[in-house]
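S.K.: Okay, here's what each chain looks like letter by letter:
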Amino acid sequence: MDKIIGLVDRLFNYYKKFLQGKDLGIKLSLIAFLSRGHILIEDSPGLGKTTLAIAIAKSMGVTFSRIQCTNDLLPTDITGLNIFNKETGEFEFKPGPIFNNILLVDEINRATPKTQSALLEAMGEKQVTIEGKTFKLSQPYFVIATQNSVESYGTFPLPESQLDRFIMKINLGYPTKEEELEILKGGSSRSKIYESEPAISKDDALTLIEFVKEKVKIDDTILEYLIEIVDKTRHHSKMVTGLSTRAALSIVNVAKALALINRRDYVIPEDITDYYKYTMLHRITFKGALSNEEKLDILESIIKSVKLPY
Amino acid sequence: MVKIENLLNLLTILMILVSLLSVIKYVSVIFFTLLILTMILFLLNLKYQFLKPNRKILTLLSFLVSGVIVLKTNSNNLVLSLAHILIIFLCVKLLEYKKYRDYMQILVLSIFLTTASGLFNLSMIYLVFILLSIVFGYFLAIFATFYDFQESIILNKSEIKELIFKGLKSIILTIPLATLIFIILPRTNYPLFSSLGYNVGSTSGFSSEIGLGDVNTIQEDNRIAFRVVMDKLDEPLYFRGVVFDVFDGRKWKSAISKKRDFVIEINGKVVRYEIYLEPHYENFLIMLDYPYKVRIKKKKFYFTNKLEVRVYKSVNKKIKYSGESIISNRFKDDVDIPFYTDVSKVSNRIIIFAKKFKKESNMATAKEILNYLKTNFEYSLKNLPTGKDSLSKFLFEVKRGNCEFFASSMALMLRVNKIPARLVGGFKGGYYNENGGYYAVANKNAHVWVEAFIDGYWVRFDPTPAAIENFTDKNRLPFALKMRLYFDYISYYWTKFVINYDFDKQVSIIKNVSSSFKNIKVNKKYFIKLVFISIIVSVFIYLSVKFRKRYEADYYLNNFLKFLAKEGVVIKENEPLKNIVKKIEDESLKIAAEEFVDEFYKMRFKDNHVDYRKLKMLMCNIKMHKKKT
Chain G
0 MDKIIGLVDR LFNYYKKFLQ GKDLGIKLSL IAFLSRGHIL IEDSPGLGKT
50 TLAIAIAKSM GVTFSRIQCT NDLLPTDITG LNIFNKETGE FEFKPGPIFN
100 NILLVDEINR ATPKTQSALL EAMGEKQVTI EGKTFKLSQP YFVIATQNSV
150 ESYGTFPLPE SQLDRFIMKI NLGYPTKEEE LEILKGGSSR SKIYESEPAI
200 SKDDALTLIE FVKEKVKIDD TILEYLIEIV DKTRHHSKMV TGLSTRAALS
250 IVNVAKALAL INRRDYVIPE DITDYYKYTM LHRITFKGAL SNEEKLDILE
300 SIIKSVKLPY
Chain L
0 MVKIENLLNL LTILMILVSL LSVIKYVSVI FFTLLILTMI LFLLNLKYQF
50 LKPNRKILTL LSFLVSGVIV LKTNSNNLVL SLAHILIIFL CVKLLEYKKY
100 RDYMQILVLS IFLTTASGLF NLSMIYLVFI LLSIVFGYFL AIFATFYDFQ
150 ESIILNKSEI KELIFKGLKS IILTIPLATL IFIILPRTNY PLFSSLGYNV
200 GSTSGFSSEI GLGDVNTIQE DNRIAFRVVM DKLDEPLYFR GVVFDVFDGR
250 KWKSAISKKR DFVIEINGKV VRYEIYLEPH YENFLIMLDY PYKVRIKKKK
300 FYFTNKLEVR VYKSVNKKIK YSGESIISNR FKDDVDIPFY TDVSKVSNRI
350 IIFAKKFKKE SNMATAKEIL NYLKTNFEYS LKNLPTGKDS LSKFLFEVKR
400 GNCEFFASSM ALMLRVNKIP ARLVGGFKGG YYNENGGYYA VANKNAHVWV
450 EAFIDGYWVR FDPTPAAIEN FTDKNRLPFA LKMRLYFDYI SYYWTKFVIN
500 YDFDKQVSII KNVSSSFKNI KVNKKYFIKL VFISIIVSVF IYLSVKFRKR
550 YEADYYLNNF LKFLAKEGVV IKENEPLKNI VKKIEDESLK IAAEEFVDEF
600 YKMRFKDNHV DYRKLKMLMC NIKMHKKKT
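Chains as they are written, first to last, in numbering that gives the first Met the number 0: chain G, 0 to 309; chain L, 0 to 628.
Fair warning: there could be bad hints in the mix.
Said to hold, decoys possible - Calculated pairs, SDA-like style, for lysine to any residue (alpha carbon to alpha carbon, straight line, at most 20 Å): (1) Lys-214/G / Met-602/L; (2) Lys-306/G / Lys-331/L; (3) Lys-601/L / Lys-201/G; (4) Lys-201/G / Asp-1/G; (5) Lys-160/L / Met-0/G; (6) Lys-26/G / Lys-286/G; (7) Lys-581/L / Ala-564/L; (8) Lys-214/G / His-608/L; (9) Lys-299/L / Lys-319/L; (10) Lys-571/L / Asp-273/G; (11) Lys-601/L / Leu-307/G; (12) Lys-331/L / Ile-263/L; (13) Lys-306/G / Ile-263/L; (14) Lys-355/L / Phe-395/L; (15) Lys-306/G / Lys-577/L; (16) Lys-214/G / Lys-571/L; (17) Lys-306/G / Ile-153/L; (18) Lys-571/L / Asp-1/G; (19) Lys-605/L / Met-0/G; (20) Lys-212/G / Asn-261/G.
Since the hints were derived computationally from the structure, they do not count as laboratory data.
Okay, chain L solo, but in the shape it has when bound (with noise of 0.2 Å):
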């Protein structure tokens, strides 16, 4: 037995706690905590009555509330305003005196807040909090239906089984309604609230600057940064995203790229692969080294002269796109040696220190530096060397860092012994989900290394020391990241799906049907056959229904209460079978009914079986005296 009541505040809080979870990660903490505080409030409160707030003081309270949000609201932050102001008329809502509008409010309030999550980080989670909220918002109107029907309606264990049965089921009628209607209806091809301005800033491994032992969280990031669906290959991978190539003493900086005109020659083997970017709110996209052709829509790119591909506007919504690279080592190019050979920012101790490693050759010298520092250097992502001259510190005291420190004294150490260097910001390595067929590439995977011009190429270098941890072995992954790399396969589709999906490809469905619609036509045979077996199936469905209705007592009474009520019989509500019988006026009616009551009670009441065949007879007894007379 459970009181109405309680399903509806239940169901309230649910419905808020999901609301709440789904903008956790963007609402003031003060806005959180204050919808909270209230939620407990109400619990508490149902229990022992002891709050009485004014309605119009409430009302005029949220109002002056929403003012001041409102009144900080800039075109920037327009949904996170839009999501304050939400919680605190939930907040106001949960304190009143609860009404079936009251209830409708909150889910209504409720539903508006899931749904603004939308718009803040269209991701799969999105997904499950909208469905939750579709779900309890249902079962919520359901309840307070009933409730404001009649208050103190107390349900049993069969009834609530029954209406939560009967809700999921026309909750699952209306999924081929949305389905159709997805595909129909028509989508903007710019997400909302990146034209609003909105902004969630990078979430991507790095940035356009890299800054020498600034705390960097990312390298411990399991998020997935971007997909390559490709085919598995053995040597390591590195994501070309972006060159480094001015140096100021501190950070690594890129200087100002021009496009590239002419083609690069690259010897080598030749990938094929499409990757799904999720937003990085840089204005470059992620290729596999070395890259020689990109296909996106609707986004204009070029190739810079560093061998990165460049987009107007910042990636702020997931992209898909698709590449060629060539896998090497190496790419003929041409170099501004004075400006690849500056180092007027590094300390006169490196230059010295690194004048040492002048060997005959420019390719011995790059090697004797990498050994050097892959020996000598341990890799390290906790206390890394801060401040001016982090770079002296790392290469004379600490002698631990991450790849920037590596990388970043490489190319210096390279510079200045004349050698053109410049760091390549991007991602190494994967995790290779076999059932996707593609590489899952994590934040973590941020990774920098060393491009040194020897002997007319660019040459790769990559002299930081392998990590303990390593993304790309599945075998040493502990479980927590197997099940999210599980979650991932997912995800992936998730992603794929939504990116893929645009009205371009509405049209090409609705193209596709009706062109396979041309085609049927075309082979008649074919369209004849199709047509009576889906006849056949409909008929049999419909049969089938028809059918099953049949073997429910119900059908058989109704119809018979129909048709005395079409013979002139007045029929009451609740009123007995017998008393209705008693009212017939035409006498062989009248027995030929009694006859089929005292059957239908008999079975009902006593056999509790219901001979359907028999029910029928009776039925048509009646009809056929009907008939006759």
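The shape of chain G in the complex, shown without the other chains (with noise of 0.2 Å):
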């Protein structure tokens, strides 16, 4: 157990010293890949999104490509295809950048439905088909989505059943005033991050993520106190769909994640409704149109409204 937290803030100690005011973005997107999940993003250009994955990968000492979405993209610009070889004859596989351990994919959105399902299926699989050979994707796998907000043109908007393999969608807006000075004074922080030393190795990683899934342990009456809010969502007259298996699923899995973060091999009902905001709200469909704040509160009254489990 120290050993795992010793990692946990090593990791800590280096984000701090290269990005400044993005502790929520952080937090989150560590979240998410401890809890072998994929993160969206959903904010304005220009606000981070790339030096967050960049610290992410480079603070692991892990492989990272970003691919930038447009609508004439392939799906094969993706995963890499087939291209005969003149000097030996044959077929060469030639793997797109699918294959490395950290991927952005800016502006998903843009990108046409069928390149969209061809990413988020190898993003669930964990491995891509080419032509009948099934290749593995790297370990640690971890995918950063953006996009745009939806009223932009030009936009294929991710269908629910897409949305629901994020583990979290994250809106983390503009920085407050003093982060934002914090940034200025540091200048852009991305090529000391290039230069940087990794905080943990690969394996390292892989070892938090391994404790994530089989060491936190998570208490039977915080899962009935989950399926609780879980059962309320799919009930509740203002929601047209409540949360799907998958998605308490998931949210076990962040609560784990949350709870090694926050140095305990524990969960506890905090780690549960502290974010709920990020990973149960994405997957619900609300009645008629409301406002994020609107159905946040619907949300909020859901989760008051259950018993603690203590």
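Assembling the complex is the task here: the two chains are given apart, and the hints tell you how they should meet.
M.R.: What follows is the structure in structure tokens.
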């Protein structure tokens, strides 16, 4: 346990050094990473998403790549394709950007549904099949996707089923004045990040993921508590569809990762409720047109109505 | 997983069944069948939902039917009509669409019906019915409340278990209170229903007439007629009830008896006993032959010249009395010879036949007749001769009959020979319950024997041959009867308790309690010791309850939350602890509280073991901090 906490501390020290004013973003990304999920960030451009992705990749010494989605992006542009080699006279597989540990998919909703689904399928299965051959993706594997706000022109919004594949959907918004000041003082830190030494190794990262998966304890009463919340979303008068079983499972995984980040090897009720905004909201379809705030209010009232497990 | 609605319906049916069973013996078959049919309809309707009756029409209908019943009511069937009306209302309620108030109404109606059964007959089974009603009703009320809250609640097994467990706890907790009320509440000495003129008819083994050959089911009736608390005696016991001295050709009747103004002379063994008599709706008491002393509370009695004990009001509730008797087979008395030798209604054939038995002395004649009947005739309860001249049929054709035929024959044959004779109706034998120390005498022990006046004494003759099944012999009893007798033992204590318990007893209990307090005051040392011990015991109980509380994590958590609330932290419902702690303004208090919360969570969600000492310590920390600042 001490060793594990040491690793977590090292990571956080690293981020503190290179990324100012992005505490929440880092925390959430890291949680998503540790809980073997993927994250969807909905923000305006220029708020440091790429830096975030690079920092996470660099801090763990894993490979990183980035895809800029456009409407003419083809599935093979992501997954890679077979190319005829004149010298050998055979087809040779040329892996696409998806074969990196951390993948930043920019403006995912600009890609056509066909490309989106190819990408998301890979995210779910953690493997790619090209012309009958199956290629395993590298481990750890973590996708940070960004999307422009829904109102933008020329977008293909992700359907609910695809949204459900993201363990979290976050909306960081603008940094506070103080945070922004810090950022401006430090200047762009990206080059420093590129030069930096990783805080932990790739194996350490895998150890952390494994620890979250196997060693963090979640008490049955907390699971029951979660099930109670999930059940209420399914029977709520203002909701069309509630949380799926996959959603519940993701929430459990997030809670476990959150527990680890808070230096615990057991889950407490707060691990479930603290980030419901990011884990639950995008998986629920509400009746009628409601603003985000209204949706959050409904969700909050549901959580408050469930008796805590102690 | 059980739907609350199903539970509720089950309890409703059980509740109604209990109340119906309690009055099943008394209510009319029509109403009984109606309710059963309605219950079946109710169950079917639950499944198929084919009925949607109009509430108003149903209510109107029930009032109409009740009105008809009320019209037919008189002072004699008041309770019965009430029961019928209750049943009608139950039927209507069952058919209506179920809401909270319907369930509650059914509950109340059922309890009323069960209570009404107590007005018919206060036997021990009433206790069972009322207890069942209370238990079912209690849970019905609980589940109906849940149902009212949310109709579709589904309970799982453990939740139901918990509910039932908690429910039973509170029912059991009411017992001490009920006991207290039982002692304190005033009660009437007269049964309510008998003052209403209600009469359920005789249950005793005989009535004030004996009709020869009338179908007599009573002698197969195993119900207990009375119980006699006394030592066990080896000789057969004759319990005297009423004397029949007039024969009208078909029936024996009892002539009006006068008060006896002199003491009888009997020689023999004196026996003291106490009798618990079930109501027989006649105005005589059953006494061991031959009685000479009776003690009974609140009832006037007198000895008749025929050595019966009569009371002025008929016995229509369970009563208790004590008596003294002398065991013998004769007693000295005077006699009105023409009256007791009247054979005007006896057929000639019998008179001629009887004269053959004439011997040199009256005693020899009597013995001759006795012997003749005992040897040439068979005892039987079946195919008894009936009709106008049933006695001749018995004597000359059938030669088989029950004790009434034997005794009648002998008495009349004695009278023909100018020996004064009469019949005595009462009971013979009884099963001695060793545990209870009493004789249980059943209706089937009802018996009739002969008293003949010979040489200045009334002598007892019993011409009836012994029956095949003898209630007195324990070893030959069938198993069911043995069980019956065993239950009778319990029933005996119930009877004893109910009968003996009246206002006097309440007063005497309170007197006893207060007088024993006085005694303690006199003995100061004893008093001080007692107070000391009771203080220690109560402190111990208090501490152990409190101590046990401290072994519950909730105790500390509640303390913690209460403390924070006192410190001005606003705590919302279902707010996680960490969020609450974040709201604490005082930094050092926040740290202490955080520590508590972390530790509590760790115990609760990681270790599954709560270290109370640690929690207590952390709680102390929080409080200490407060004192410092």
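S.K.: Work down the list of hints and note, for each, if the structure agrees.
M.R.: Results for each hint:
1. Lys-214/G / Met-602/L: This hinted pair holds, its Cα atoms lying about 17 Å apart.
2. Lys-306/G / Lys-331/L: Given that 20 Å is the threshold and the Cα spacing comes to 90 Å, the pair is violated.
3. Lys-601/L / Lys-201/G: 31 Å, violated
4. Lys-201/G / Asp-1/G: Distance ~19 Å between Lys-201/G and Asp-1/G Cα, so the pair holds.
5. Lys-160/L / Met-0/G: Violated. Lys-160/L to Met-0/G sits at ~41 Å, over the 20 Å cutoff.
6. Lys-26/G / Lys-286/G: 32 Å, violated
7. Lys-581/L / Ala-564/L: 14 Å, holds
8. Lys-214/G / His-608/L: OK: Lys-214/G and His-608/L at ~19 Å, within 20 Å.
9. Lys-299/L / Lys-319/L: With a Cα-Cα distance of about 13 Å, the restraint between Lys-299/L and Lys-319/L holds, given a limit of 20 Å.
10. Lys-571/L / Asp-273/G: At roughly 16 Å apart (the allowed maximum being 20 Å), Asp-273/G and Lys-571/L satisfy the hint.
11. Lys-601/L / Leu-307/G: 15 Å, holds
12. Lys-331/L / Ile-263/L: Given that 20 Å is the threshold and the Cα spacing comes to 7 Å, the pair holds.
13. Lys-306/G / Ile-263/L: 85 Å, violated
14. Lys-355/L / Phe-395/L: Holds. Lys-355/L to Phe-395/L sits at ~14 Å (cutoff 20 Å).
15. Lys-306/G / Lys-577/L: 15 Å, holds
16. Lys-214/G / Lys-571/L: 33 Å, violated
17. Lys-306/G / Ile-153/L: Distance of about 17 Å is within 20 Å: holds.
18. Lys-571/L / Asp-1/G: Given pair Lys-571/L, Asp-1/G is violated - Cα atoms ~36 Å apart, limit 20 Å.
19. Lys-605/L / Met-0/G: With a Cα-Cα distance of about 14 Å, the restraint between Lys-605/L and Met-0/G holds, given a limit of 20 Å.
20. Lys-212/G / Asn-261/G: Holds - the C-alpha atoms of Asn-261/G and Lys-212/G are around 16 Å apart, at most 20 Å.
This entry does not satisfy hints 2, 3, 5, 6, 13, 16, 18, going by the numbered hints stated previously.
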